[in-house]
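Q: Kindly produce the complete structure, drawing on both the sequences and the hints.
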Amino acid sequence: MAETSVIGAGTVVSGHIRGEGSLEILGRVEGDISVTGSVAIGPAGRVRGNVSASQLTVAGQVQGDLHGSLAVLLEPGARVAGDISAPRVGIAPGALARGHVQTDAEPAALARPAAQPFVRPAPQPVARPAQQPAVRPQQPAVRPDPQPAARPAVPQPAARPAAPLRANVPPPKAEPIPPAPLASPPAPKAPPPRPELRSDLRKADAPKLAPAPATSGPGSGEFAPVRPLKPEPRRPPPPVVPVIRKGTKAKKKKSHD
Amino acid sequence: MPRHSQEISVVGASTRVTGRVSGTGALRIEGTVKGDINVNGDAEIAEGGSVEGNLSGEALDIGGSLLGDARASGTIAVRSGAKVRGELRGAEVSIEAGARVSVRLDTEFELDFGPTQRRR
Amino acid sequence: MAGTVIGAGLTIEGDISGEEEIVINGILRGRLTTTDAVTVGGSAVVGADITGASLSVAGQVTGDVTATERVDIQAGGKLVGDIKAARFTIADGASFKGNVDMEV
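Order-wise, the sequence lines are chains A, B and C. Using this note's numbering, you'd call the opening residue of the first sequence number 1 and step up by one each time. Using this note's numbering, you'd call the opening residue of the second sequence number 1 and step up by one each time. Using this note's numbering, you'd call the opening residue of the third sequence number 1 and step up by one each time.
There may be inaccurate statements among the hints.
In silico EDC-like cross-links for lysine to aspartate or glutamate, where the CA-CA straight-line distance does not exceed 16 Å [what the hints assert, rightly or not]:
| id | chain 1 | residue 1 | chain 2 | residue 2 |
| --- | --- | --- | --- | --- |
| 1 | B | K83 | A | D104 |
| 2 | B | K34 | B | E58 |
| 3 | B | K34 | C | E13 |
| 4 | C | K97 | C | D82 |
| 5 | B | K34 | C | D15 |
Some chain B residues well away from chain C (every beta-carbon gap over 12 Å; in silico) [stated by the list, open to error]:
| id | residue |
| --- | --- |
| 6 | N54 |
| 7 | R71 |
| 8 | G74 |
| 9 | R89 |
| 10 | A91 |
| 11 | D106 |
| 12 | F109 |
| 13 | D112 |
| 14 | F113 |
By construction, these hints were calculated from the structure, which means they are not laboratory data. The beta carbon of each residue, even a glycine, is placed where N, CA and C say it ideally should be.
A: This is the structure in structure tokens:
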């Protein structure tokens, strides 16, 4: 699990920031930021530079371009002067933005299963910087929605044998797939869409918890654990030669698994 | 959405208007309009509705497709199912996550980086 | 209720076509075509050829009208143009100038 770094409220960073992990900015950064995890800019946070991350949540002010490989969300009170690009972009009522805003055509190809050690939920990054991973090791991205209240933590370990493997998958990845509006991004605004989506997923996968979209999207726990997670579980086309089971010696033409 | 004093005009789901629409009152577009729209009232593009042209009104609610510029004296709300390409200018512009947009926002505001900053 | 309603304050310059009811209380300059009923309200001013299943005119229409079923001009209504419809009525107090072809 990647760590979350915090730039405290009274801190000023002059220079570029880059690396793995997530970042929470409560102070000021004058320079570009490029991390693989998520970036959360608190209400008092100020960034003068371009920001590139998987998930960006802005409650403060930015003068520069924002790029999210998953989503960029502006919460009420945010002010951004610069271009915004991400497959999902949310600008809450009360946020101000000026510049070009671009969503990709399709939120496809978010395939970075191993490279995303930790993606934090958009809505409340400020409140809980590093709590989630400790509290719920199997749920890498916990969305502090109303829904989790209904499923505190009970079915987690038992119901998800493959869950630990999923821990590496950025949970929001599954989100763009369902056409319904995503739950997590509009957290500050409108809870209603969220429950619908979550309940859909929940119905499909009974033991699943609401805040586990990554696993719920593609399959429902029927994956063989060895399969790497992909947005769409795909099996390679069966080879013309019959599969040789493991343990068969000699005459190994091709063995696929 | 519209105020009570505004009568609502509706372009029905299976109606296509090719030409200019103007006037007073609120307008909801469930079908297709190819041409500029300029109303002295709230305008809404319902999900499934489509406007190819510029849209101008008081408060704009875009749930469908807009290919053109949008100007509002009030707020512009882009809903999650919308598809918008053009320039959006309003007192405030909000975009729900899920919307597909390629837009230029022209909102007027100033950044406030605090007393110690050197303003660019 | 009608599928399309053009309110009294609205002006459309262009063509309207659809497959549902259309009610016009505002101003239309152009063409109007639908497979359903057309109602021209009392406050409407329409300068357009109209084609529909039926047409009821309580306002002003200047243009040729074609209806597969019927055309009715209400009292206070005014039509200047030709009518092509299986049947038609012109109410007392209505005004009409044009030709009528009842062979549809």
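Q: Next step is simple, just say for each hint if it's right about the structure.
A: For each hint, the structure was consulted:
no., hint, verdict
1, B/K83 with A/D104, "holds (11 Å)"
2, B/K34 with B/E58, "violated (20 Å)"
3, B/K34 with C/E13, "holds (11 Å)"
4, C/K97 with C/D82, "holds (8 Å)"
5, B/K34 with C/D15, "holds (10 Å)"
6, N54, "holds (14 Å)"
7, R71, "holds (18 Å)"
8, G74, "holds (18 Å)"
9, R89, "holds (23 Å)"
10, A91, "holds (23 Å)"
11, D106, "holds (27 Å)"
12, F109, "holds (33 Å)"
13, D112, "holds (41 Å)"
14, F113, "holds (46 Å)"
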